[in-house]
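One line per chain: the protein sequences are A and B, in this order. The numbering of the first sequence is the numbering used here, which starts it at 1 and goes up by one. The numbering of the second sequence is the numbering used here, which starts it at 1 and goes up by one.
Calculated directly from the structure, the hints in this document are not laboratory data. A virtual CB, placed ideally from N, CA and C, is assigned to each residue, including glycine. Every clue listed holds true.
If we take Cβ atoms under 7 Å as the criterion, some of the chain A residues that face chain B in the derived model are:
1. I72
2. G201
3. A204
4. A220
Simulated DEER-style distance windows between Cβ atoms:
5. B:G26 with A:N136: 14 to 22 Å
6. B:R84 with A:P40: 37 to 45 Å
7. A:S150 with B:R84: 24 to 32 Å
8. B:S60 with A:S169: 18 to 26 Å
9. A:R189 with B:M1: 47 to 55 Å
10. A:P167 with B:L63: 25 to 33 Å
11. A:F57 with B:S60: 14 to 22 Å
12. B:W33 with A:S169: 41 to 49 Å
13. B:S102 with A:P99: 50 to 58 Å
14. B:L63 with A:L97: 43 to 51 Å
Just so you have them, the derived chain B footprint on chain A, three or more residues with Cβ under 8 Å:
15. 46 to 57
16. 87 to 100
17. 107 to 113
18. 184 to 196
Spelled out, the chains give:
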Amino acid sequence: MFAPRTEFLYGVRDELPILVGVIPFGLIYGVLALSSGIAPTPAQAMSSIVFAGSAQFTTTQLVGHGTPALVIVLTAAIVNLRHALYSASVAPYLQELKPAWKWLLAYLLTDEAYAVSISHYRNPDNSLPGPEVAGNKHWYFLGAGLALWSTWQLSTAAGLFIGAQVPASWSLDFTLALTFIALVVPYLRDRPSLAAALAAGVTAVLTYGLPFKLGLVLAALVGILAGVWLEGSK
Amino acid sequence: MTLWLTIIAAGLITFAIRLSFILLWGRVDIPLWLQRSLRFVPPAVLTAIIFPELFLPSGSLNLSLGNARLIAGILAGLVAWRTRNIILTILVGMGVLLLLQSI
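All chains should be built: construct the whole structure from the sequences, respecting the hints.
And the structure:
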């Protein structure tokens, strides 16, 4: 078990590669918000209050089209449904924490913070996971979460002030997919996990046209079912 | 004013979704099948995010050798599998992508 400070710094360190891919998205969000007629203050506030990239993009688009508020809020909820899966997935590891910690980490539970934190909790390379060894790993989660949070706020602000400056030809957005590739590979060590990944991936490609990231939610559910089914049939 | 209320409502709902199971765990009986299925969440979700990035680089299915992101992603996957090194995976993936794009 590592000291809180060490865990925190490991969390920040492991989040760094992801941040390279997040910055272009923050910049684009800032630019998009302005062009949709949202003033800088509420645009920046959305990054701290909602703090969810894809939901912010859809909200911005819908605001630009004059969509009723209720529809916008419901859409944001649907886009963020996948976070319920993350919540259930990290829940066993957070049970010993005080409520303030649970609330704080829930606020920081994004795709990017989840991806590195669950890998740290599960440590798929040694098969000795479990809530009993959670130790100080909530500090790791906090480090990863805060690193992402500050980057998101700063890149939003940069987008609002200077516009999108990173040329698309640099393809920096691809670093996000590459980081996820590095994170997913250690999980693929038994047939049910492999089946879960493949089923989810194929479903995500087939359902990509669905609105509001519903394809992603559907793909995750199909993948989980495939894994459970294969595990049960052994 | 409506915009601010929209932002706050969207934020509250997002937060409630993220907090849901973290808060319910231990207070409500979570069925065993649900607990067992949770170990498949990371591989399923991560792959569901990765695959469209590789196979649908411009919004439509592209399985050709001209799909630089697919080639770069496969090579990066091999590096990740052999080395378990995140930084090396990203460097190789970005290197291959930029190289293919410059040809």
